[in-house]
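A.B. asks: Work out the full structure, taking the sequences as your base and the hints as a guide.
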Amino acid sequence: EAGVAQSPRYKIIEKRQSVAFWCNPISGHATLYWYQQILGQGPKLLIQFQNNGVVDDSQLPKDRFSAERLKGVDSTLKIQPAKLEDSAVYLCASSLEGAAQYFGPGTRLLVL
Amino acid sequence: EDQVTQSPEALRLQEGESSSLNCSYTVSGLRGLFWYRQDPGKGPEFLFTLYSAGEEKEKERLKATLTKKESFLHITAPKPEDSATYLCAVQEAPGRRALTFGSGTRLQVQP
Chain A
1 EAGVAQSPRY
11 KIIEKRQSVA
21 FWCNPISGHA
31 TLYWYQQILG
41 QGPKLLIQFQ
51 NNGVVDDSQL
61 PKDRFSAERL
71 KGVDSTLKIQ
81 PAKLEDSAVY
91 LCASSLEGAA
101 QYFGPGTRLL
111 VL
Chain B
1 EDQVTQSPEA
11 LRLQEGESSS
21 LNCSYTVSGL
31 RGLFWYRQDP
41 GKGPEFLFTL
51 YSAGEEKEKE
61 RLKATLTKKE
71 SFLHITAPKP
81 EDSATYLCAV
91 QEAPGRRALT
101 FGSGTRLQVQ
111 P
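Residue numbers (our numbering), protein chains in the order written: chain A, 1 to 112; chain B, 1 to 111.
Because the hints were derived from the structure by calculation, they are not lab data. Since the model is a prediction, treat every value here as computed from it, not as a measurement. Quick reminder that beta carbons are idealized off the backbone N, C-alpha and C, glycines included. Misleading hints may appear alongside valid ones.
[What the hints assert, rightly or not] A few chain B residues that face chain A, going by a derived Cβ cut-off under 10 Å, partial list only:
| hint | residue |
| --- | --- |
| 1 | Pro8 |
| 2 | Gln38 |
| 3 | Thr49 |
| 4 | Ser52 |
| 5 | Gly54 |
| 6 | Lys69 |
[Said to hold, decoys possible] The calculated DSS-like cross-link candidates involving lysine-lysine, where the alpha carbons are at most 25 Å apart (straight line), are:
| hint | chain 1 | residue 1 | chain 2 | residue 2 |
| --- | --- | --- | --- | --- |
| 7 | A | Lys11 | B | Lys42 |
| 8 | A | Lys71 | B | Lys68 |
| 9 | A | Lys44 | B | Lys79 |
| 10 | B | Lys42 | A | Lys83 |
| 11 | A | Lys83 | A | Lys44 |
C.D. replies: Here it is in structure tokens:
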């Protein structure tokens with residue numbers, strides 16, 4: 001069974017530029033999550049989707065971050081404009097309802 | 001607000017030297033407690049889910065236990081390939097909420 005796919009794996013941008021990340025969850029998983037992991041810390045939720053509806057985006061900095069999940073499958077996370085403190089790993093995870101979450105390899109973002 | 005605290009932050013063991021990692025949590029209602037393993041440059045890998053106090057799960061050299069306030073990950077006779085960061089996370093009830101993670105324990109097993 002294929003796991004969660006993410007791209008790109010690495011991205012380096014200048015501050016104030018925009019960037020987008022893509023995630024393809026495990027087939028059949030209705031719930032999709034985006035987490036931010038800063039070096040030395042555990043992942044922190046940014047947004048949770050159930051199918052293509054938002055369940056929780058309370059910790060998403062909505063002035064610069066946006067996310068969508070069209071057709072209830074793939075998802076994109078966008079940052080515009082990026083700040084230095086956005087340097088982190090962005091992890092996508094998916095799950096069957098109520099079950100364990102399975103994570104992708106992450107996208108490592110460096111903002112200069 | 002949910003809190004998850006893991007200790008120690010880092011642990012260095014000799015191969016074969018058993019030990020335990022701790023995860024203490026405060027949550028109004030626990031739906032599940034999760035353990036993940038994370039290798040450098042990779043996403044977290046699911047290990048166990050525990051749902052109620054007294055529950056235990058085992059996988060190879062790892063055993064996870066749960067009480068009402070904390071969970072332990074016991075590592076028996078570790079090998080160098082067990083070196084990784086171990087993350088604990090809680091899922092609050094009710095509903096199907098996202099996970100709240102601790103900061104992890106970085107484990108190094110020396111041959």
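A.B. asks: Go through the numbered hints given earlier and state which of them the structure violates, listing their numbers in rising order.
C.D. replies: Going through the list in order, the structure violates hints 1, 4, 5, 6, 8 and 9 and respects the others.
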